[in-house]
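Kindly produce the complete structure, drawing on both the sequences and the hints.
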Amino acid sequence: MSKPKTMFRRFLSYYRPELGLFIADTVCALVIAGIDLAFPSILRALTGGLFTEGRDAILGALGMIALGLATMYLVRMGCRYFVSAQGHIMGARMESRMREDLFDQYERFCFSYFDRVNSGDMMSRVVNDLFDICEAAHHVPEWIIICGVEIVGAYVILFTISPVLAGVMAVVTLVFVAIMVRQNLRMRAVFADNRRKISEVNSQLQDSLAGIRVVKSFANEQTEREKFRHSNARYLESKVNQYHAMGSYQATSALMTGALFTIIVVLGGYLVAQGQMTAVDMATFALYISLFTTPIETLVNSTETVQKAIAGFKRMDEVILSMPDIVDAPDARPLEVTEGAIAYNDVCFSYDDAELAENGSAPARPVIDHLSLTIAPGETIALVGPSGGGKSTTCSLLPRFYDVLSGSITIDGQDVRSVTQESLRRAIGLVQQDVYLFDGTLRDNIAYGRPGASQQEIEEAARRANIHDFIASLPEGYDTVVGERGSRLSGGQKQRVAIARVFLKDPKILILDEATSALDNESEEAVQESLERLAADRTTIIIAHRLSTIKGADEIATVEAGRVVERGTHDELLARGGTYARYYRMQFEGARAHELA
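If you read the sequence shown in this note's numbering, its first letter stands for residue 6, the second for the next number, and so on.
Treat each hint with caution, since some may be false.
Calculated lysine to aspartate or glutamate pairs in the DMTMM-like style (CA-CA distance at most 20 Å, straight line) [to be verified]:
| # | residue 1 | residue 2 |
| --- | --- | --- |
| 1 | K319 | E140 |
| 2 | K510 | E534 |
| 3 | K513 | E462 |
| 4 | K556 | E537 |
| 5 | K510 | D576 |
Hints are computed from structural coordinates only; laboratory data are not their basis.
Here is the structure:
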């Protein structure tokens, strides 16, 4: 966590691009405060001077008085418009830059961060927290300037009218301010807790809605309702505590105002009776009391905005100051893939290693345990083995979605940690079982493989993925919207769109992670044909549970407990009678028995 001063300087840095607008906003705020302060003094001068003269003198001056006051309040109106409109625009621009900074930081994080942090919490920081921060960014400087000038100006004028009354008022105000400072500390903790609770609600909501198809398939709507009600009740409890704290805070403010008016009436009346103060002065004093206490109440009431902003900026700072687990080396250079040879050299990896190192626990069992594997240029190798054996993790280490704990991985002799992540990942194409399509058009989703590709290139990629004819048959063609996560397409159609995306990317190295395991036989056949075409002349790693899909691989490696336990061609491994042969018999003998049943 950053120090408060450092955090405050970082917050102020967002004002720099808006410095001119901020200065203009400040000047307008000062004009508003000056006009507000001037009116009671003008009224005092008129009631104590001009309005005590004859009828003709008063009527003769009313025109000039009206013109002067009208001009004054027209200027105030223009300044108020500028502060309200341009001030909010300034806050919106700051919010936009903060949102971009936060999003850029999320984009820098590797997979391990997203394994730990709930997406609902991330959304809460980007939406709720930034809104509160930028409400404060606009309003708080305005309130400080206007209210500060009015408080100081009103007190100076009050002191010139009656030092005795002004002194008593200052003592009473300081007592109440001391009480409110203590209450303010409690409010800070309450608002921080409120932020955590709304983040939990967002996380629960996002989780339940993202998995709504699973919820309905198990008829577990009531279970989800109970989970949401629990997190929502915790948030409500936090809000109740927040409003109790705010109520106490604002009640103290109201008591201060009442106490000051009571003192003015009683002590002021005594001073008038003693001839130490005129009735006009006492009335003017009462008018300035409002100009003194109302800004104090405004600043008091702004505490909610300020505390929300502090809590929100702290949460933003937690993200901005977090160092990504995986960064490019200072001397990283672009990857140059000349042939596509891959080598895993005594690689070890554990997902829990970083967290365990922080809390001092014993090392976890490695997911990848001294794994060594070489893949020749242009070779297709299939990884098979039990679930949790390390196949997908082995593939995730190649594009540095995670970093190895020891050992190394090289592509054409270049350690993947010594090259830039962008060049590394542009050289690798990935097709997974769980295809993610963005909520846009088919054209947009295919073009994601190479932004800026022409329509002709997009269509050619679709043809090679066996999806062009289907797209052409749609009324909107390539402009068809696929829906959230591709919900308007079948599993096979989504898979072929993903394959077209990789065709367009045209990588040197290909990873197929159980790309057909969730498809029916007809869809699998169409997708398998596309995958074989995609894998041609590329170094390819295939992960598959359906062994029928990898018999044509150049080699097959069996991965168990994070190690390669056997390797060879399909026929060689069957002849050895090892783990692969056992899996093969289990699948195909079971399939034949099912057909005969």
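Structure-based check of all given hints:
1. K319 x E140: Roughly 15 Å separates the two Cα atoms, so the pair holds.
2. K510 x E534: holds (18 Å)
3. K513 x E462: holds (18 Å)
4. K556 x E537: At roughly 12 Å apart (the allowed maximum being 20 Å), E537 and K556 satisfy the hint.
5. K510 x D576: Outside the cut-off at roughly 34 Å; violated.
Against the hints set out earlier in the document, a violation occurs for number 5 only.
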